[in-house]
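Asker: Each chain, written out:
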Amino acid sequence: MLKRIGFTRNDLILVAALLVFAAFGAWRGVNIGVSSAVAEKVIIRVNGEVLTELPLDEDRELGVTGYDGGFNVVTITNREVYIREADCPDLLCVKHAPASERGELIVCLPHRIAVELE
Amino acid sequence: MNRTKSLAEMGLLIAVALVLSRIESFLPPPVPSVPGIKLGLANLPTVILLYDERRFPRPYISAITLSVSRVLLAGFMFSGLWSTIYALSGAAVSFFIMLLCKLSKKLSLIGVSIAGGTSHNLAQLAIAAFVMAEPRLLSLYPVLIISGIAAGFLVGITARLVDRILCS
Chain A
321 MLKRIGFTRN DLILVAALLV FAAFGAWRGV NIGVSSAVAE KVIIRVNGEV
371 LTELPLDEDR ELGVTGYDGG FNVVTITNRE VYIREADCPD LLCVKHAPAS
421 ERGELIVCLP HRIAVELE
Chain B
18 MNRTKSLAEM GLLIAVALVL SRIESFLPPP VPSVPGIKLG LANLPTVILL
68 YDERRFPRPY ISAITLSVSR VLLAGFMFSG LWSTIYALSG AAVSFFIMLL
118 CKLSKKLSLI GVSIAGGTSH NLAQLAIAAF VMAEPRLLSL YPVLIISGIA
168 AGFLVGITAR LVDRILCS
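The listed protein sequences correspond, in order, to chains A and B. In terms of the working numbering, the first sequence has 411 at position 91, counting the first letter as 1, and numbering is strictly consecutive. In terms of the working numbering, the second sequence has 177 at position 160, counting the first letter as 1, and numbering is strictly consecutive.
It is worth saying that the hints were derived from the structure and are not from the lab. Possibly wrong hints are sitting among the right ones.
[Stated by the list, open to error] Computed list of lysine-lysine pairs in DSS-like fashion (alpha-carbon distance at most 27 Å, straight line):
(1) A:Lys323 / B:Lys123
(2) B:Lys122 / A:Lys415
(3) A:Lys323 / B:Lys122
(4) A:Lys323 / A:Lys361
With the rest of the complex left out, here is chain B (with noise of 0.2 Å):
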């Protein structure tokens, strides 16, 4: 694929993430006493372009500037600047487990995602405490695992549903 093309096709991805993670902050949160738990819709275009490789000529790098922009876009539209920081490390973490998992070649794309899942939900849960001052917050982590690979799950599944339509 030629430069612009994929150019097109990375603002066209932007804007899908964009209004995805839009859609998520309306939905309800499935766990009332865990709110900070959600699908990570968001994550679905960052997880395609992961597995991109026919399209993308470096899928890596598109990914990670997918990702990045795309919390820093949402983040100064929809919410403040500590919510745009605490997103941006819960993404950059994820997004590094990944590509770790995705280069070891031992996960399949569902296991990938929800490595990505998992990984997102402890670096926020980390950071909250630490910034908090709360270690108390730390004990919810076993929500959050099973959340994270609940959620890496079903992300995983529709990305290679995507991908397949997407490729083929």
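If we strip away everything but chain A, and leave its shape as in the complex, we get (with noise of 0.2 Å):
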């Protein structure tokens, strides 16, 4: 089926190159721990420095300036965090699904504002 659409051999080498290569990288992620653990705080950086920390248990709201004049809303409520507003164009950062878990991180690249879970 895969020849009539015009798939070749060599197709499906670099096919198979390709997930071996994602297949290491996925397994040395879990092997790291990145995900499944409780966070407990969430940790807002712009442009690569700490803007501030704060406990992921507490529900509050956050405006975050960053590179170049852009503005962000940070939401924490039920202990996950989501960007709920941006003046970006691509708004990104809003359509991420909202964070809880150790290690995940939504980032906001026109503002360089990285929101990271800890």
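Join these two chains into a complex; the hints should help.
Answerer: Rendered as structure tokens:
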């Protein structure tokens, strides 16, 4: 079936090599314990520098001014954190699912804001 | 094909690419925990052009012109300067990888498209990690490889179908 749509043996080798590379990374990621641990605090960084640390079990909302004057609203509620609002055009950070596990990271690329759980 | 005709067709393809990238921005992210992942629909006209030797005298130059124009126009119309710079770097890396893969004659159109999708994702991830000074972002790379394979595969199949219809 794959042959009929023009998928060749070399294509298959490329995909297999990429999958092995991906599997290696996923396996190492699990080994260093990225997820499924309870997070306690929220670290907000702007342009690589820590702006503030907040406890995850306290509901609150914080306006963050990022690089280039961009503005984001970080919301902590029910032990989850998400970016409620941003004035960037792509809004990828707002589309990000709420984070609650240790090691999760929400970033706003245009404003260089990183919200990390620890 | 004469110059006027290929110029007109180029304008048409840029318009199609712009519409596709606008449509794509309305689609919900397929992986909510990595919202940067997308289908790469706007890359479709570039892949088609890369293989359109019969209609364009210099398909590679046309394809890179198309890719750069689309990213710049979409960037300045729909997003900001920084997003445009990220998009441009991803597009440039993926274009040159696709060109190399095509010239090597080892891969089919679908393989070339998969290589393009994956390299686009990896390049953008590397740039994001660098600009944000967040090396931990790099740990997302397996997700981006898999989504790059999937997106490249779908774009490749579509490009092949369109190419057949256009050139028959």
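Asker: Now tell me if each hint is right for this structure.
Answerer: How the hints compare with the structure:
1. A:Lys323 / B:Lys123: Holds: Lys323 of chain A and Lys123 of chain B sit about 15 Å apart, inside 27 Å.
2. B:Lys122 / A:Lys415: violated (40 Å)
3. A:Lys323 / B:Lys122: Distance ~17 Å between Lys323 of chain A and Lys122 of chain B Cα, so the pair holds.
4. A:Lys323 / A:Lys361: violated (51 Å)
In the structure shown, a violation is registered for the earlier hints numbered 2 and 4, in ascending order.
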